[in-house]
Amino acid sequence: MKHTISILVENNAGVLARISGLFARRGYNIHSLAVGITDNEKISRITIVAEGSDYTLEQIEKQLNKLIDVIKVRSLPADKLLARELVLVKVCCKPAERSELIDIAEITTAKISDVSPETMTLELSGNQYNIATFEELLRPYKIIEIVRTGTVAMQKGSEGLRI
Amino acid sequence: MSQRITVAEALIKCLESEGITTIFGYPGAAICPFYNKLTDSKIKHILVRHEANAGHAASGFARITGKPAVCVATSGPGATNLITAIATAYMDSIPMIAITGQVSTEQIGRDVFQEADITGATEPFVKHSYLIKDAALVPEIIKKAFYIAGSGRPGPVLLDIPYDVQLQEIDFKYPDNVEINSYRPCLEGNKLQIKRVAEAIAEAKKPLICAGGGLFTANARELVQCIAEKANIPVICTMMGISLMPSDHPLFLGMVGMHGCSAANRAISECDLLILLGARVGDRAVTAIKEREDFKVVHIDIDPAEIGKNLPVNIPVVGDLKAVLTQLSEIIRPQENADWIEQCRSCIIKNAHKDGKPRTDGVNPAVFLEELSKLLPGKCVISADVGQNQIWTANNLKLKSGRFITSGGMGTMGYSVPAAIGAKSADPDAEVIAICGDGSFQMQMMELATMVQHRINVKIIIMTNNRLGMVREVQTNNYNNRLVAIFLDGSPDFVKLAAAYGIHGEYVNNNSEAEKALENLIKSDKPYILQVKVDENEKSLL
Ligand SMILES: Cc1ncc(C[n+]2csc(CCOP(=O)(O)OP(=O)(O)O)c2C)c(N)n1
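Chains as they are written, first to last, in numbering that gives the first Met the number 0: chain B, 0 to 162; chain A, 0 to 541.
Don't read these hints as lab results, they were simulated from the structure. Wrong hints could be hidden among the right ones.
Unchecked claim - Where chain A lies over chain B, by a calculated footprint (3+ residues, C-beta under 8 Å): (1) 49-62; (2) 67-78; (3) 152-161.
The model shown is predicted, which means the values in this text are computed figures rather than measured ones. From the three backbone atoms N, C-alpha and C, an ideal C-beta is built for every residue, glycine too.
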């Protein structure tokens, strides 16, 4: 099963290495990882999507909590998950095809972030399903490159993860 | 008031403030500023003969004092030599501060001479580590390091300090205490959970305590005995828990596990309530009960990550064992359990002296260790190495008081002598004896010089079977007795070797020679060694 885990950490040197090392060492699989600072610049928030049984998830949480730089760990409940990824896709696009791609962008709520005589780059933020559909729609246009962030996520509703 | 001093000096002041009197180390260029300032301090430096042994000695020291002990090495090879000791300390939850020199900050990452990424390399085996780049933070970091190493579930903390940082001047003031936002070990156990434990004890017909090394850490040794006696609960221990209970205590059954005794293993597979105290349910300790579903498990430990990791638990209690057991001892009610105790003890009696015959060529290790037990003074530390010698010692040493130490989690050969050096430095009045094999002795025999140089009167017993005995036994049992790479031909005469260091010693060729030799060993107020002959086919698995 996939789990989305939010971690608040002290923004110290080496903290990311410690966390990714822990996953590798204990055989936990990471699907995606995203890091950024919070409104408090001394604290970063990491979102990890990981695969594993409930036992594994419990172990991951406990082991993460043991790391000195880790302040809080929370596994986000699947039914209240607000999760987003950002994807940039550069596709081959002759001038004649531009309007088709503009249509796709409109339907999928993607943005056109760059255009050249031969290519067009589209940008979409959404959940994993939105992004999968988006990719599928673009595949006929020969994708030159694609880059995706890891998932960032928080819980829906009024509850918040803070220190 | 703060003073303006160099980081090197500050480091020493920090150690002094932490009450450090002895450190173990080995210098090199990158740590010279620190050593230079050590001259002005009362802190005693014990020069070991290999950095790993500085770590093991610090480990032995910490086990006796219960407080973080310090080892020091230089950058590069000095630091990498420390790794085994750091990992060994980590596995056994030993509070330790490892200080390493590092190349200058502006050189880090350029693969300069004697540069090693030691914080990276030790990442999996440290409780925490710091590569100190900001000199001004040194006092705070050292304070944090000691706090982290010694609190909660203890462990090693590494301080990697670049050469140039050691030479920088800072305004020094050692903080009285530190707060770490992200680190707050839970000490008090949950009252409700503790009540549930008491109820489970009241309901159980066949309760059993499994006592682990965490009880030493928590300084809760007496409490186990108190609870066991109050509620009449038999006690077994893990290897790390040996010597928690006097071995002749009527409720004590012995060590559990693959190499444990049958009384303990039977008890654990027949009990209806298992109370794990500061034991991490290691794979070699409790293979037998993994499949059991017909019993209740209580697990009390300071590390929540250990609870439920290897065994499903019915009543988890997270907290400091001393705090939790104090509360528990106040609310448990006396129990009978007479039949159960009888059932447990019958097995001990049946097995006693199963193979208790003295031998004429080579000693019977069991008999030899019982002899040693009889002669030991009350205040003693026995440091066992790894291998058959460790299992013989674990199973046959009868300690009424005193302390047994060994490398339990990591099983690091070469631990016993340096750990004994550390233990003796921590408690000079105790009789400290290292017991090792002829293989493991040859991984640490350079430390004879350390003992002589610093007048550390550690005694050493070498169980000499001319084999890597434990591996030999595995090859015999599991590989059709195809023996390979376990012959120790070429080993020196250890008594003569010791003599070359000015250390006295003698040979024990059979059980009848043991008593006299052991008396001499214990009588000696200098280091002393015994080369004890053991037959190559002697077993450790019962
Ligand atoms: C550093 C290290 N290397 C290898 C081993 C594997 N090992 C475990 S027991 C053992 C044999 C120990 O031989 P010896 O010290 O002579 O003791 P004996 O078993 O004969 O009592 C070995 C090689 C180990 N535990 N530690």
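Verification of the supplied hints:
Coverage of the segment 49-62 of chain B by chain A holds. Counting CB-CB distances below 8 Å, 4 residues qualify, and the rule asks for three or more. Interface restraint, the segment 67-78 of chain B with chain A: holds (4 residues with C-beta to C-beta distance below 8 Å; minimum three). Check on the segment 152-161 of chain B: 0 of its residues sit with their Cβ under 8 Å from a Cβ of chain A, so the three-residue criterion for coverage is violated.
Of the hints listed earlier, the one the structure fails to meet is number 3.
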